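Chain A is already provided as a structure; the job is to place chain B on it using the hints.
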Amino acid sequence: MNGFSFWTIWLRNARVWKKNILATLIGNLGQPLLFLLAMGYGLGRDMAPVAGLTYLQYIAPGLVASAVMYSAALETTYGSYTRLTVQKTYEAILMTPLGVVDLVLGEIVWGASKGMLAGVIMLLALPLFGVMPSPWVVALLPMLFLSGMFFSAFGLIMTALAKNYDFFNYFTSLVITPLFLFSGIFFPVQSMAPPVRGVLEMLPLTPIVSLARILCYGRFGEPVLMKIIGSLLATGCAVWLAGYLLRRRLIQ
Amino acid sequence: MIQTISQQKISDASGSQPVVSVTGLTKRFGERLVVDNISFAIQRGQCVGFLGPNGAGKTTCINMLLGLVQKSAGEIRIFDLEAPRNHREIKARIGVVPQADSLDPDLSVEENLRTYAGYFQIPRRLARQRIEELLHFFALHNRRDEIIEHLSGGQRRRLLLARALLNEPELLILDEPTIGLDPQARHLIWERLAILQAQGTTMLLTSHYLDEVSRLSQQVLILDHGQVVLQGEPRQLITDMVGLEVFEVDGTAAELDALAVSFRQCNATQERVGDKLYVYAREDCSRLVKVLGNAGSWVRRPANLEDLFIQLTGRSLRET
Numbered sequence: 062m063n064g065f066s067f068w069t070i071w072l073r074n075a076r077v078w079k080k081n082i083l084a085t086l087i088g089n090l091g092q093p094l095l096f097l098l099a100m101g102y103g104l105g106r107d108m109a110p111v112a113g114l115t116y117l118q119y120i121a122p123g124l125v126a127s128a129v130m131y132s133a134a135l136e137t138t139y140g141s142y143t144r145l146t147v148q149k150t151y152e153a154i155l156m157t158p159l160g161v162v163d164l165v166l167g168e169i170v171w172g173a174s175k176g177m178l179a180g181v182i183m184l185l186a187l188p189l190f191g192v193m194p195s196p197w198v199v200a201l202l203p204m205l206f207l208s209g210m211f212f213s214a215f216g217l218i219m220t221a222l223a224k225n226y227d228f229f230n231y232f233t234s235l236v237i238t239p240l241f242l243f244s245g246i247f248f249p250v251q252s253m254a255p256p257v258r259g260v261l262e263m264l265p266l267t268p269i270v271s272l273a274r275i276l277c278y279g280r281f282g283e284p285v286l287m288k289i290i291g292s293l294l295a296t297g298c299a300v301w302l303a304g305y306l307l308r309r310r311l312i313q
Numbered sequence: 385m386i387q388t389i390s391q392q393k394i395s396d397a398s399g400s401q402p403v404v405s406v407t408g409l410t411k412r413f414g415e416r417l418v419v420d421n422i423s424f425a426i427q428r429g430q431c432v433g434f435l436g437p438n439g440a441g442k443t444t445c446i447n448m449l450l451g452l453v454q455k456s457a458g459e460i461r462i463f464d465l466e467a468p469r470n471h472r473e474i475k476a477r478i479g480v481v482p483q484a485d486s487l488d489p490d491l492s493v494e495e496n497l498r499t500y501a502g503y504f505q506i507p508r509r510l511a512r513q514r515i516e517e518l519l520h521f522f523a524l525h526n527r528r529d530e531i532i533e534h535l536s537g538g539q540r541r542r543l544l545l546a547r548a549l550l551n552e553p554e555l556l557i558l559d560e561p562t563i564g565l566d567p568q569a570r571h572l573i574w575e576r577l578a579i580l581q582a583q584g585t586t587m588l589l590t591s592h593y594l595d596e597v598s599r600l601s602q603q604v605l606i607l608d609h610g611q612v613v614l615q616g617e618p619r620q621l622i623t624d625m626v627g628l629e630v631f632e633v634d635g636t637a638a639e640l641d642a643l644a645v646s647f648r649q650c651n652a653t654q655e656r657v658g659d660k661l662y663v664y665a666r667e668d669c670s671r672l673v674k675v676l677g678n679a680g681s682w683v684r685r686p687a688n689l690e691d692l693f694i695q696l697t698g699r700s701l702r703e704t
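The listed protein sequences correspond, in order, to chains A and B. Its first residue numbered 62, the first sequence is counted upward by one per residue in this note's numbering. Its first residue numbered 385, the second sequence is counted upward by one per residue in this note's numbering.
Bound conformation, chain A alone (with noise of 0.2 Å):
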């Protein structure tokens, strides 16, 4: 046995998901790719540019980033609660070598892939839209992964705390859409008065979202270091909590 066993879950899951590939992508793709259409080809033909970009430029990076989110929310919350719940696949894993830590860093890295892909084909899709992103982008990978990793832990602490499928309401309507809305994807943080500001700048979506608009575009303007040392220890907290809790849950 060795530190990578966990690997073994994540790949459970892609021998599931590949069944259903096209029904995943479609549902995590779609609502980012309309936003995209809808809110920067339609409202944003006729709005003054924002920080120097058109509007379709200014809110494609944060889309990308919102894809991540979704994604990885997603299939923590709906999918592993499945497997948690109907399934019983994590009490099939259990009886394993296999481990709740395990379980946990396998659940979270492969919600992180998918966000994660989800992100790529978002910024694959962009020169469609005429957006075409500096070389920087690569650097954007590892920060979509650390917030695919972030986002998919917060999503199984929900379902570690889940009594039924329903209880996902609060956390789509009270913490997702609500972070796809303020996170800065659609109006810049900076211009706020000062309290709100501090407010927005603290949520976990917007330093992804500011630095998915800096290196898309290669325009190094605010410091970056802050934003990703901050979204490391929150994601750290986040993936130790979900195994705290889901070891609660799993282990009477």
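Among these hints, one or two may not hold up.
[Stated by the list, open to error] Ranges between beta-carbon positions, derived for each pair:
1. Q313/A <-> Q654/B: 27 to 35 Å
2. A200/A <-> R512/B: 40 to 48 Å
3. V111/A <-> D529/B: 48 to 56 Å
4. Y139/A <-> G658/B: 46 to 54 Å
5. G584/B <-> K80/A: 34 to 42 Å
6. I563/B <-> R310/A: 20 to 28 Å
7. R310/A <-> T410/B: 17 to 25 Å
8. T653/B <-> Y139/A: 53 to 61 Å
9. Q313/A <-> R472/B: 15 to 23 Å
[Said to hold, decoys possible] Quick look at which bits of chain A chain B covers, simulated, 3 or more residues with Cβ under 8 Å:
10. 84-95
11. 306-313
Rather than coming from a laboratory, the hints here were simulated on the basis of the structure. Since the model is a prediction, treat every value here as computed from it, not as a measurement. We put the beta carbon where it would ideally sit given N, CA and C, even for glycine.
Positioned in the frame of chain A, the structure of chain B alone reads:
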């Protein structure tokens, strides 16, 4: 007593430690005492049957062996390793057939096995070879590409068994292995389990089907209210506690009263349940068969594990 003596013999003969040895195992869920100071041992090559009404603590006990439930007190040693500290190593050598179907419904029969072999980190080539053998052993080779949803209950159970054997376990834990199956399917599973037993696999079996337990187990452990009520060899326990044979007689109250008096001439215990009389004979009561001619209908049969079970745990329903 019987238990201790026969265990002594076996361990002397093989000179080895028991596969499982549990002392003073206890589990509390809050105030509720679910497993209360249980001790037992399973010797290599033996099949031990766990019996008990619903809520007796059987599944909790198994889950503690597997580390899925934390023990409140007591000691568990499996393969002479302390549990739960060495769980990774212990579970690598155990196979489990869980009570609830936990197959991957989206995957095919073969993919289910390949995935599970992955959890045990069985090298790919070896896994492929074992999967092939197990598919044949459990008569599933024609269904290898079938999605789980399309399998019958019996096929699913066989696949769960095949999955539990992928790592060639030294200890096989079977929690209600034939629950809800038709007789054909149950017999096929029993036949395969008998082959595994002959090959020396150690087993721990829980079941509500007492014929299943009598068929497979050399030792039984009867649990009730979280405690071990009785343990030993099933045949010996039945003879000691119930008797040799049982007469079940139907009749009116007056008829049964008269019969009850006649049967006092024989060394037997009696029980009245509704309009039925049970006589548990401790000696040959053939001479009394003639008095049964007057009764409505009656059967005479050997005493079995079910009689013992009812005697120990009562006739009232246990619903949890």
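Structure-based check of all given hints:
As the Cβ distance of Q313/A to Q654/B is approximately 44 Å, the hint placing it in 27 to 35 Å is violated. Take A200/A and R512/B: their Cβ atoms lie about 41 Å apart, and the range 40 to 48 Å holds. For the pair V111/A and D529/B, the supplied restraint of 48 to 56 Å holds, since their beta-carbon distance comes to about 54 Å. For Y139/A and G658/B, the Cβ-Cβ distance of about 52 Å falls inside the hinted range of 46 to 54 Å, so the restraint holds.
For the pair G584/B and K80/A, the supplied restraint of 34 to 42 Å holds, since their beta-carbon distance comes to about 39 Å. Evaluation of the 20 to 28 Å hint for I563/B and R310/A yields a pass: the beta carbon distance comes to about 25 Å. A hinted range of 17 to 25 Å holds for the C-beta pair R310/A and T410/B, which are about 22 Å apart. Here the CB-CB span from T653/B to Y139/A is close to 59 Å, well matched to the stated 53 to 61 Å.
The hint said 15 to 23 Å for the Cβ distance between Q313/A and R472/B, and at roughly 20 Å that hint holds. For the segment 84-95 of chain A, the assignment as covered by chain B is violated, since 0 residues bring a beta-carbon within under 8 Å of that chain's beta-carbons and 3 are needed. Under a criterion of three residues with beta carbons nearer than 8 Å to beta carbons of chain B, the stated coverage of the segment 306-313 of chain A is upheld, 3 such residues being counted.
In summary, the structure is inconsistent with hints 1, 10 from the numbered list given earlier, while agreeing with the others.
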